[in-house]
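K.L.:
Work out the full structure: start from the sequences and follow the hints.
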Amino acid sequence: MAQAAPVAPPDLELTYEMPEQATLLSDAWRRLRRNRIALVGTVIIAILFITALISIVWTPYPVWLQAVGPTYQPPSGAHPLGLDQAGRDILSRIMGGALITIEVGIGSAIIVSLIGIPLGLLAGFYRGKVDTVISFFINIWYGIPDLLVALILVFVLSDALHLIPRGVFVIIIAFSLTRWMDVARLVRGQSLALREREFVEAARMAGARDFYLLVRHIFPNALGPIIVQATFAIPAAVLFEAFLSFLGLGLPSPTPSWGAMAADGYHGMDFAPHIVLAPTIALSLTLMAFNWLGDGLRDAFDPRMRR
Amino acid sequence: MRGTLLYIGQRLVLIAITTVLVSSIVFLLLHQIPGNAFLNETRQSEETLRAELHHYGLDLPLPQQYANWVTGVLHGNLGESLVNHGVLITPLLVRETSVSATVGFFALLVTIGLGLVLGVIAALRQNTWVDYIASSTAVIGYSVPSFVIAIFGLLLFGHYLYVWTDGTVFYQPGWGKVEQIPVPALALGLPYASYVARLTRASMLETIRTDYVRTAWAKGLKARVVVLRHALRNALIPVVTILGPLITGIITGSVVIENIFGIPGLGKEFVTSILARDYNIVIGVFTFYAALVGLANLAVDVIYPVLDPRIRY
Numbered sequence: 001m002a003q004a005a006p007v008a009p010p011d012l013e014l015t016y017e018m019p020e021q022a023t024l025l026s027d028a029w030r031r032l033r034r035n036r037i038a039l040v041g042t043v044i045i046a047i048l049f050i051t052a053l054i055s056i057v058w059t060p061y062p063v064w065l066q067a068v069g070p071t072y073q074p075p076s077g078a079h080p081l082g083l084d085q086a087g088r089d090i091l092s093r094i095m096g097g098a099l100i101t102i103e104v105g106i107g108s109a110i111i112v113s114l115i116g117i118p119l120g121l122l123a124g125f126y127r128g129k130v131d132t133v134i135s136f137f138i139n140i141w142y143g144i145p146d147l148l149v150a151l152i153l154v155f156v157l158s159d160a161l162h163l164i165p166r167g168v169f170v171i172i173i174a175f176s177l178t179r180w181m182d183v184a185r186l187v188r189g190q191s192l193a194l195r196e197r198e199f200v201e202a203a204r205m206a207g208a209r210d211f212y213l214l215v216r217h218i219f220p221n222a223l224g225p226i227i228v229q230a231t232f233a234i235p236a237a238v239l240f241e242a243f244l245s246f247l248g249l250g251l252p253s254p255t256p257s258w259g260a261m262a263a264d265g266y267h268g269m270d271f272a273p274h275i276v277l278a279p280t281i282a283l284s285l286t287l288m289a290f291n292w293l294g295d296g297l298r299d300a301f302d303p304r305m306r307r
Numbered sequence: 308m309r310g311t312l313l314y315i316g317q318r319l320v321l322i323a324i325t326t327v328l329v330s331s332i333v334f335l336l337l338h339q340i341p342g343n344a345f346l347n348e349t350r351q352s353e354e355t356l357r358a359e360l361h362h363y364g365l366d367l368p369l370p371q372q373y374a375n376w377v378t379g380v381l382h383g384n385l386g387e388s389l390v391n392h393g394v395l396i397t398p399l400l401v402r403e404t405s406v407s408a409t410v411g412f413f414a415l416l417v418t419i420g421l422g423l424v425l426g427v428i429a430a431l432r433q434n435t436w437v438d439y440i441a442s443s444t445a446v447i448g449y450s451v452p453s454f455v456i457a458i459f460g461l462l463l464f465g466h467y468l469y470v471w472t473d474g475t476v477f478y479q480p481g482w483g484k485v486e487q488i489p490v491p492a493l494a495l496g497l498p499y500a501s502y503v504a505r506l507t508r509a510s511m512l513e514t515i516r517t518d519y520v521r522t523a524w525a526k527g528l529k530a531r532v533v534v535l536r537h538a539l540r541n542a543l544i545p546v547v548t549i550l551g552p553l554i555t556g557i558i559t560g561s562v563v564i565e566n567i568f569g570i571p572g573l574g575k576e577f578v579t580s581i582l583a584r585d586y587n588i589v590i591g592v593f594t595f596y597a598a599l600v601g602l603a604n605l606a607v608d609v610i611y612p613v614l615d616p617r618i619r620y
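Chains A and B, in that order, give the protein sequences. Position 220 of the first sequence, counted from 1, bears residue number 220 in our numbering, the numbering being contiguous throughout. Position 49 of the second sequence, counted from 1, bears residue number 356 in our numbering, the numbering being contiguous throughout.
FYI, nobody ran anything at the bench for these hints, they're computed from the structure. Warning: the hint list may mix true and false statements.
Unchecked claim - To list a few chain A residues with every Cβ distance to chain B over 12 Å, as calculated:
| # | residue |
| --- | --- |
| 1 | Thr-51 |
| 2 | Arg-195 |
| 3 | Phe-199 |
Claimed, not checked - Pairwise CB distance ranges, derived in the manner of DEER restraints:
| # | chain 1 | residue 1 | chain 2 | residue 2 | range |
| --- | --- | --- | --- | --- | --- |
| 4 | B | Gly-481 | A | Leu-24 | 51 to 59 Å |
| 5 | B | Ala-509 | A | Leu-223 | 43 to 51 Å |
| 6 | B | Thr-435 | A | Phe-136 | 47 to 55 Å |
| 7 | A | Leu-24 | B | Tyr-314 | 40 to 48 Å |
| 8 | A | Arg-30 | B | Arg-521 | 30 to 38 Å |
| 9 | A | Leu-24 | B | Thr-435 | 49 to 57 Å |
The structure presented is a predicted model; accordingly, all values stated were derived computationally and were not measured. In this text, a Cβ means the ideal position worked out from N, Cα and C, and glycines have one as well.
P.N.:
Shown next, in the form of structure tokens:
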């Protein structure tokens with residue numbers, strides 16, 4: 001094709017540089033880097049990840065060790081965030097909580113995607129009855145307080161039926177079972193639009209099977225919005241865990257969940273506010289960072305939607 | 308008009324169906340639990356246990372129990388509390404709904420009022436310090452969960468205000484006095500207010516650049532008329548779209564807010580009943596929630612055509 005370029009006047013030098021090959025991800029990354037607030041979010045998330053990783057091998061004190069000093073001790077040199085009502089080192093517990101937060105957030109994002117993507121792809125691609133059934137569930141779900149169903153699921157699965165021990169896993173499962181609809185709805189829309197596009201038509205003409213079309217043509221083209229949606233699932237799951245643990249229905253005690261720590265500190269708030277402040281600030285910062293990253297990714301993947 | 312009424316009628320039927328379906332899920336989930344609700348009660352002879360099970364119809368086969376429950380719900384009867392014998396659930400929940408609805412209403416007022424005002428001002432003063440302050444507050448605010456705001460609010464108004472004013476002015480958790488409304492309502496409404504502000508700003512920025520708004524300015528209309536009637540009314544449409552999920556969020560948020568502030572509403576009942584294993588009330592509260600969310604969404608959809616006459620049913 002390059003040989004068929006229009007003939008240029010001899011004195012005019014043709015300096016045509018090929019733009020650097022941009023993949024979806026590199027293109028998005030280039031745009032994301034320019035977004036200052038998303039970068040701040042990314043930095044906070046990086047700190048969170050590093051803290052969580054460190055906490056696996058080392059925390060200043062064991063997260064569960066009680067009475068390392070006087071109870072309710074305010075922040076000091078030895079304990080930068082102070083001690084809680086059982087004399088546990090709050091900094092160590094915040095670090096341990098970071099790991100739980102990451103587990104819940106990332107785990108939920110993965111499972112939500114694993115459920116939502118195939119269902120959305122199928123609904124949008126095959127339309128008809130498949131779509132009717134899947135959309136029925138999606139629409140019903142938009143009319144109910146899903147977190148409360150998830151709350152009941154955690155309760156039933158772990159406390160009542162003893163199927164899954166009360167822990168991170170059951171929270172991820174309950175959250176994902178009630179929240180796959182967001183991803184499914186988005187992917188359905190994408191798949192519905194993409195299946196009509198010429199390149200899909202061309203692949204079909206070339207004899208591609210449905211599975212190949214879905215996996216190699218439709219899914220990769222819907223990847224941007226899927227990543228954005230999965231990113232927003234992380235703070236939602238983290239908040240859900242904190243919400244449950246705060247109410248005493250989430251992770252069982254000594255687990256250093258930020259929600260549970262807030263609930264612990266809440267009772268001694270008048271005279272030892274540091275106990276409640278540390279986990280709530282950590283939680284808010286984390287949620288903020290993921291929301292900022294999500295907003296940044298949305299702008300990066302879809303420059304037309306930039307606001 | 309007849310079309311609208313027909314539409315509302317259809318939706319009401321749909322809400323009833325959804326409510327029963329959704330609470331059926333919860334009903335079936337909770338009835339998978341082995342044993343029965345009275346296992347925890349010691350000091351109980353075989354006969355009294357059997358009498359109790361019979362009283363609540365828990366000795367019937369599950370399909371029969373389910374059929375009875377659905378019939379009950381359709382007649383507005385949600386049964387009787389398993390823990391407090393003889394307490395009928397429907398009147399109890401109706402009373403608590405009025406409390407929750409009061410908090411929710413004021414939270415919604417905070418959300419929409421504050422959100423719209425901040426959003427509109429930020430859009431009109433785009434790229435000035437007013438905009439930066441409003442936008443950055445919003446971007447922080449919508450990530451701070453309402454229970455964290457509640458804790459900060461309690462600390463600030465319940466504790467520090469008490470200390471600073473020597474106990475003359477402060478907020479006391481509880482319910483029943485007018486001055487106990489603002490703090491919970493703010494805690495519940497603020498995160499969503501930030502969200503509404505962001506959305507309003509974005510859609511206002513779009514509408515104030517449209518041709519018809521320029522025309523309205525060119526005609527020499529007053530600023531108030533241009534902003535409120537021409538720009539804002541159109542900018543509101545995307546905002547109204549999120550009212551549905553927002554109301555769901557406020558209902559979910561109220562569960563933890565009511566527990567923090569000691570407000571005797573549906574949310575407090577929900578948590579108390581789960582911890583006390585009073586399954587009948589849990590199912591009942593859930594049925595109420597499902598119906599409330601449905602009705603709220605219906606109300607939102609009815610507002611649409613008022614804002615945008617192009618939308619009709």
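K.L.:
Of the hints stated earlier, which fail here?
P.N.:
Those not satisfied are hints 5, 9.
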